[in-house]
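Chains U and C are the protein sequences, given in the same order.
Those letters in the first sequence? Residues 1 to 297, by the numbering used here.
Those letters in the second sequence? Residues 1 to 422, by the numbering used here.
Honestly, I wouldn't trust all of these hints.
Here are some chain C residues pointing at chain U (derived, C-beta under 10 Å) [claimed, not checked]: (1) V178; (2) G181; (3) P234; (4) A297; (5) A301; (6) A309; (7) M311; (8) L313; (9) S316; (10) H324; (11) P331.
Because the hints were derived from the structure by calculation, they are not lab data.
These numbers were taken from a predicted model, which means no experiment stands behind them.
Yeah, the Cβ is synthetic: ideal placement off N, Cα and C, and Gly gets one too.
For reference, the chains in residue letters:
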Amino acid sequence: MDIAQPLDKIPASSSEPAAGKAINVKEGVDQDTPVPAKPVGNPFVDDPKMKLRDVEVFYGDEQAIHGISLDIGKNEVLSMIGPSGCGKSTFLRCLNRMNDTIDICRVKGSLHLEDQDLYDPKLDVVELRARVGMVFQKPNPFPKSIYDNVAYGPRIHGLANRRSDLDEIVETSLQKAGLWKEVKDRLHSPGTGLSGGQQQRLCIARTIAVSPEVILMDEPCSALDPIATAKIEELIAELSENFTIAIVTHSMQQAARVSNRTAYFHLGKLVEVNDTEKVFTNPDHKLTEAYITGRFG
Amino acid sequence: MNKTTEKVRQTLAKRYRSEKRFRAFGIASITLGLLALVILFTDIIGKGHSAFIEHRVTLEVSFDADVLQISDVNDADQVTYGNYIAAIRAAMSEQFPEVQNRSERKQLNGLISSSAEFELRDMLRADHSLLGQSRTVSLQLDDAADLFFKASPGKRDGVRVTDLQKSWLLTLEERDLVTSGFNQSLFTRGDSREPEQAGMLGAILGSLFTMMVTLVLSFPIGVAAAIYLEEFAPKNKFTDFIEVNINNLAAVPSIIFGLLGVSIFIGLFGMPRSIPLVGGIVLTLMTLPTIIISSRAAIKAVPPSIRQAAMGLGASNMQVVLHHVLPLALPGMLTGAIIGMAQALGETAPLLMIGMVAFIVELPAGPVDPATVLPVQIFLWAGSPEQAFVALTSAAIMVLLAFLITMNTIAVLLRKRLERRW
């Protein structure tokens, strides 16, 4: 498990002004510019799907996330952007408690999925992860058949009692992930034999087969070529009709294309949350502006 | 010319020379190793191949009721205690009627193996109508006579037979009564003091039972320990301590495990000596660290992305392990187990301590019957004074090596077969 953010490539778009509008770049803004005590913009929405308050994450003695408060609205796509190591992946992993697997990781604050406290000791993490699914950076299909990959979640949760029910779940999930047409004749060949983009869509199909309420995506396209990326982005737009999606991305173009709201993270703090259009055309904070114009990456 | 290019050219020759030296050194090492192997194999096969062949003498034996002292062939006791030696002696003196002298007759009869009488007894047991008839029977020769025929004509002087015996054996050969064939008793009998009757089936069965006990105990325990330590155990000082000690256990000399077996299993628990069950338990203790260490390595090699994928879908810890980690780690675990078993199969020292070095003629029927194992059988035969045991020792080594090579081949094949790519 990568604790530190991988040193990813600088986004392709970083050298051009985003969204076509020239931005007046203020001089003297760099990585060390102080982050505002409270995030600017609108971190909170009415009737949120996930309500996260004062979230702090520690790796041993090191604090990775400093008091982040944020809402994720129903059926919205929230993208999280920020320079490498800013804590956006760490934050995302708190939302389905994937950080539990790291021994030295401690999470503080109040995190709720609707009325459910995520860190309630009585809550079974298995139940939580069935409600909050996750798609990872690198496509990671199981070394099993395509069918078994998608059917795995429903099987362990006992969502289908009969073979025909399971077949149906597999088919709908693959259809929703836009993969059905490509694989329907080879459902029983190994999932690892697909191309990178197909593998990632298989992973998305596998996630939605459990019918989660929220899908977390941790840089889902960073290992894919542009065409595969375009397909996934299209898919995200379709999925947002039924699911709430939180996506971490390094590509600002991607954030601009797929998300309704964008949150900008900086050094473990939340700087700005606004509607995506606003962030990319007229950001409220100079750090956000510096980042999206490629002053640092 | 650029200055850098000049420098590079100067050093280039030197670099290539050192590469060449390194290669030559590597090739020399491999050649040396292979040479040692070839010498070892040639020596063993050269000495041992003759043990797979035996010589028999074909005689006309009469199952005369008076000679055998059997009045009622249906009486099992009489058949068992019949005087078959007399019948064999009669057959031999038929071949050499000139031998009258008592000491000469003793020498003559010494040419036939003492197993011959039992062969006759078994024949009569199987077919009662033989009594009173005579049959052409091929009888096992004594080890010295057998060696005499195995030796090439030039080397026959080195065999320990008297001059008289030598002339009789040559006469038998001239009369075309000596046949050679596959030495069946090598694989159908237990140990014996008489080399021509000694077989390694007892040791093979003993090894088999011991290995069975070892496998049944060490594989599940080793895999369970590895999974627990890798997947479930909290990472703290105590588990570190356990880990260090498992590694220490792998380095403990095997004879110590034998001492432990004697004092705990035999002394404290009162288990019998010389049985494969105790041997298997002792070897389990010895094999466990190997299996645990290789299983943990196999579990560690499972990519974390697979684990995360399953966890992200809401699989419990146990489900992640059983559905994903274990199937992917199994080939590595099996390889480790087979290599551990191969080690255990060749192990001698701890088994000496628990008494599996006893001279046991009976074939063991199960893991609680006294038995010996192949390497110990080699040890026993190597220490026996009779000339023929030299060949038997090498033959047993060949059989043991064949088992080990088979096991290692299975390990390689299993790994190739089960290995999955991701």
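Now for the hints, and whether the structure bears them out:
1. V178: Hint violated; V178(C) Cβ to chain U Cβ min 64 Å, cut 10 Å.
2. G181: violated, 54 Å
3. P234: holds, 8 Å
4. A297: violated, 19 Å
5. A301: Violated, about 13 Å.
6. A309: Holds. Min distance 4 Å.
7. M311: Cβ of M311(C) sits 7 Å from chain U, so the hint holds.
8. L313: holds, 4 Å
9. S316: With a closest approach of 5 Å, the S316(C) hint holds.
10. H324: holds, 6 Å
11. P331: Since the shortest Cβ distance to chain U is 12 Å, the answer is violated.
Hints 1, 2, 4, 5 and 11 from the earlier list are contradicted by this structure; the remaining hints agree with it.
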